[in-house]
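A.B. asks: As they're listed, the protein sequences go chains F and E. Heads up: the first sequence begins at 28 in this note's numbering, then just goes up one per residue. Heads up: the second sequence begins at 2 in this note's numbering, then just goes up one per residue.
Think of the hints as simulated: they come from the structure by calculation, not from any bench. Take these hints with a grain of salt, some might be off.
What the hints assert, rightly or not - Chain E is faced by these chain F residues, among others (derived, beta-carbon under 8 Å):
id, residue
1, L63
2, W70
3, Y73
4, A673
On a predicted model such as this, the values are computed, not experimentally measured, just so you know. The beta-carbon is built from N, C-alpha and C at its ideal position, and this holds for glycine as well.
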Amino acid sequence: MSQVALLGQSSLAAALLVSALTVVFGALAAARRDHLLALAAKWGSYTTAALLLLASSALLHGLMEQDRALIYVWAQSDSSMHGFYVAAAFWGGQQGSLLFWAATLALSAAAAVWQHPWPRPQAPLLSSMLALFVLFFCALVLFFSNPFDTFELISPPTDGRGLNPQLQTLAMLLHPPALLLGYVLVSIPSAMLLVTFLQGRLPDEQEHRSIRRWALAAWLQLSIGLVLGMWWAYTELGWGGYWAWDPVENAALIPWLSLTAYLHVNALGRRRHGAHLWASALLMLTFLLTIFGTFLTRSGFVSSIHAFARSEIGYYFLAFIVALGVSFIALLVWRWRGFYPATVAQTSCPLGAWPVPPTSPATAAEMQARARQPHDASSETASSSEVERSQSPNSAAILSRENALLFASILLLLLALVVLVGTLAPKFHEMLFGDELSLGAPWFNRWLTPLSLILMASTGTGMLFSWRKTSPQRLWRRARMPILLATLTTASAPLAWTWWRFDALEVEPSSLELLYVVIAFWLAAFTTVLSSSELYSSWSRRRIRSSASQAFLALWTQQARRTAGSLIHVGMAWMIFGFAGAAFRVETQRSAQLGEQLSVGGYELRFVGVRQHYARDKAQVFAQVEVSRDGQLIETLEPARFAYYASNMATGETDLRSTPMEDMYLNLLEIDPQGESVLLLAVVSPFTWWIWLGSLLIMLVNVVLLLIPERRETAPSSTQDTTSDVLDHWALGPFPQLLEPRPSALAESEESQGAKP
Amino acid sequence: MTSLLLVASMLLLAAVLSSAWVELRGAYLQGSDKASLKPGPSECPAADTLPSDAERAAPSRAEQSASKTPSAAQPKPPAGQKTERAKRRRGGKR
Numbered sequence: 028m029s030q031v032a033l034l035g036q037s038s039l040a041a042a043l044l045v046s047a048l049t050v051v052f053g054a055l056a057a058a059r060r061d062h063l064l065a066l067a068a069k070w071g072s073y074t075t076a077a078l079l080l081l082a083s084s085a086l087l088h089g090l091m092e093q094d095r096a097l098i099y100v101w102a103q104s105d106s107s108m109h110g111f112y113v114a115a116a117f118w119g120g121q122q123g124s125l126l127f128w129a130a131t132l133a134l135s136a137a138a139a140v141w142q143h144p145w146p147r148p149q150a151p152l153l154s155s156m157l158a159l160f161v162l163f164f165c166a167l168v169l170f171f172s173n174p175f176d177t178f179e180l181i182s183p184p185t186d187g188r189g190l191n192p193q194l195q196t197l198a199m200l201l202h203p204p205a206l207l208l209g210y211v212l213v214s215i216p217s218a219m220l221l222v223t224f225l226q227g228r229l230p231d232e233q234e235h236r237s238i239r240r241w242a243l244a245a246w247l248q249l250s251i252g253l254v255l256g257m258w259w260a261y262t263e264l265g266w267g268g269y270w271a272w273d274p275v276e277n278a279a280l281i282p283w284l285s286l287t288a289y290l291h292v293n294a295l296g297r298r299r300h301g302a303h304l305w306a307s308a309l310l311m312l313t314f315l316l317t318i319f320g321t322f323l324t325r326s327g328f329v330s331s332i333h334a335f336a337r338s339e340i341g342y343y344f345l346a347f348i349v350a351l352g353v354s355f356i357a358l359l360v361w362r363w364r365g366f367y368p369a370t371v372a373q374t375s376c377p378l379g380a381w382p383v384p385p386t387s388p389a390t391a392a393e394m395q396a397r398a399r400q401p402h403d404a405s406s407e408t409a410s411s412s413e414v415e416r417s418q419s420p421n422s423a424a425i426l427s428r429e430n431a432l433l434f435a436s437i438l439l440l441l442l443a444l445v446v447l448v449g450t451l452a453p454k455f456h457e458m459l460f461g462d463e464l465s466l467g468a469p470w471f472n473r474w475l476t477p478l479s480l481i482l483m484a485s486t487g488t489g490m491l492f493s494w495r496k497t498s499p500q501r502l503w504r505r506a507r508m509p510i511l512l513a514t515l516t517t518a519s520a521p522l523a524w525t526w527w528r529f530d531a532l533e534v535e536p537s538s539l540e541l542l543y544v545v546i547a548f549w550l551a552a553f554t555t556v557l558s559s560s561e562l563y564s565s566w567s568r569r570r571i572r573s574s575a576s577q578a579f580l581a582l583w584t585q586q587a588r589r590t591a592g593s594l595i596h597v598g599m600a601w602m603i604f605g606f607a608g609a610a611f612r613v614e615t616q617r618s619a620q621l622g623e624q625l626s627v628g629g630y631e632l633r634f635v636g637v638r639q640h641y642a643r644d645k646a647q648v649f650a651q652v653e654v655s656r657d658g659q660l661i662e663t664l665e666p667a668r669f670a671y672y673a674s675n676m677a678t679g680e681t682d683l684r685s686t687p688m689e690d691m692y693l694n695l696l697e698i699d700p701q702g703e704s705v706l707l708l709a710v711v712s713p714f715t716w717w718i719w720l721g722s723l724l725i726m727l728v729n730v731v732l733l734l735i736p737e738r739r740e741t742a743p744s745s746t747q748d749t750t751s752d753v754l755d756h757w758a759l760g761p762f763p764q765l766l767e768p769r770p771s772a773l774a775e776s777e778e779s780q781g782a783k784p
Numbered sequence: 002m003t004s005l006l007l008v009a010s011m012l013l014l015a016a017v018l019s020s021a022w023v024e025l026r027g028a029y030l031q032g033s034d035k036a037s038l039k040p041g042p043s044e045c046p047a048a049d050t051l052p053s054d055a056e057r058a059a060p061s062r063a064e065q066s067a068s069k070t071p072s073a074a075q076p077k078p079p080a081g082q083k084t085e086r087a088k089r090r091r092g093g094k095r
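Given the sequences, and given the hints that come with them, work out the whole structure.
C.D. replies: Quick look at the structure:
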């Protein structure tokens, strides 16, 4: 056995042992309230992380040094591969990706334990719960899918098989780890939630914030993973699209949808007691769906283009889901009474929990006073308000932001359900009836397009609602200007269409498709106008007392979540705009002789020559195609074919010209050995550029939101609402001078805040 | 480069193990009774008071006790000397 294999195997075995001990120590520490055992559990979490980091370093070292004694190194890399791709082979195969999962999970668990307030009794329980997850992955890696397995041959092979050529791209360098990290990060808030359930209570305010931040980080990682996967499919697979409704793609989309639903319900804070339970259920569902997605990816249960990841271990994931699901439901039933504040005080100290004392009169009076305070316009809108809850539980009117958020969460869950049914239906149909059923893009589009449009409409209108109650008159006053602008924008679209000569695409969508496209354009414009106006109004209000840059900073320091929410909705609107553009997509396959001109979607393409290049690991042949419009040369695109020496495989490489209006996309399907003729796939895809721009905006905003420390939640009064104030200003019109408050109003405001004249 | 990573990982593991040893040994030598997480009957409710509640409640209780009971830290006026409050009261009666 090589030294790397020995180091890796022993690190893995030690990590398995330490994580098992951490599970036991953490549970015992919580049950017996023993400080020494709690400390042992904490250090157990850190040691497991360090051991798995060492195992990962050993595998990376084996790959980079091409240690051929390891089967994994032989199967996933070869000596001619570029260093980056050799490193990417770490997660390119089944065994390596599972080790990556285990290591990142252990590191995240250590971070969560380190961050957790110590020595609260929840801490050892959290260590134990997270160590249980790590233990599962350690056992999988060590016993069933070990990257440190070695050849039993006298002389190992001289060179490896190499990584799948289609995975040797920049997007694939980042897509799998981003998605895997998203899956890993979902398990941290889920474990935190399970710990509070074990204690027979719901998360307190501090835990609520912590869970939300971890969930937000997971959402960011899943979003990055999904978008990079789309980008890879678009630029590498060469069929001109970015989403094929492949089961493995769907398996990543479903938890993203349920996590999005969770984040929407979470925005309610602790306003409504039922919402708290609903949010908890959504988070647990997301966790189960991430494991279920892994089961679909790894087991080969459904047929997929991701067949390289198939193995028998998928069924261990299924067993893990069942065990977790049953435990969660059992916990809910067991601790049901404890989730209601009135009963928490009466429960005896359960496993590691100290009951919450009855609220003292002083605290209640303070909370009443807080609720009566005039609401600071700069504070966050979502908040905890036990006073409101106790006085008028669940008393929000139908037209309220609370109900809009709950409605959005139900719609998102419905979307996830449709995707799940579409993914599993072919397999179940085959099992029941024996014949194959294919549910492709038309089926998904038929069901998901109207649902997505309703969701987009609720996204836009949801921002118009105030907390607790909104009168229809007030709603109309706030909505009329964005409606007018969105309608004007959509109505002017045919003019822009003619001006840009999109009629040259010669696409004739059905009347239903056209209706969907018009609605999507209108909703994208409406959401963009509404969100932008809200941000602009908030900024203008702050600018009265400070400089422009300070007002901009205040948007992020005083109301970060609301600012981020508005910008993320703008990003989603742009993505919807890009998706709607696919209705006018033109795709054609044409062969061309040297010098011949083709006409596609208003463009002229001329095949003018061939260029060859020999790299260390592959031979490259580029076809040079001039792209012109109205006789004017715009650009020369170079789609190519790469032939990889090690794997003896050839791939088509795309080249594209991307603009906000449309993408010109070329893929080289075949080329004559003499370079005299080519077979090209040409795609003209309107507005695809907006999908990437929207995604980029969402991710950047999310990163900024995660970097800003979260403020403690404050309780707004039930009648005042910052958003409604802001939008009431907008109802006056998009003119800055009208947005500024009257001097008398400013004086009143100062008086109410106790400011000296 | 990866050799450095490997060595760094080993050093990290050694640091974690030695820190664990120091902290666990210290806790063991101090005795489990003193450092126990186990709350007594009186402190049982307070130990898991939600941090937000605790932070909210603490100043209020302090203020309450300060307003109801005479503070030991506040110096009393010498005998025979009227306090400002008493002077105001007398003035008010006139």
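A.B. asks: Should the hint that A673/F touches chain E count as held when the rule is a Cβ pair under 8 Å?
C.D. replies: A673/F check fails; min Cβ-Cβ to chain E is 21 Å, beyond 8 Å.
A.B. asks: For the restraint on Y73/F, tell me whether the closest CB of chain E is nearer than 8 Å.
C.D. replies: OK, holds: Y73/F within 8 Å of chain E, min 5 Å.
A.B. asks: Holds or violated: is there a CB of chain E closer than 8 Å to the CB of W70/F?
C.D. replies: holds (4 Å)
A.B. asks: Was the hint right that L63/F lines chain E, CB cutoff 8 Å?
C.D. replies: Hint holds; L63/F Cβ to chain E Cβ min 5 Å, cut 8 Å.
Consistency note: the structure conflicts with earlier hint 4 alone.
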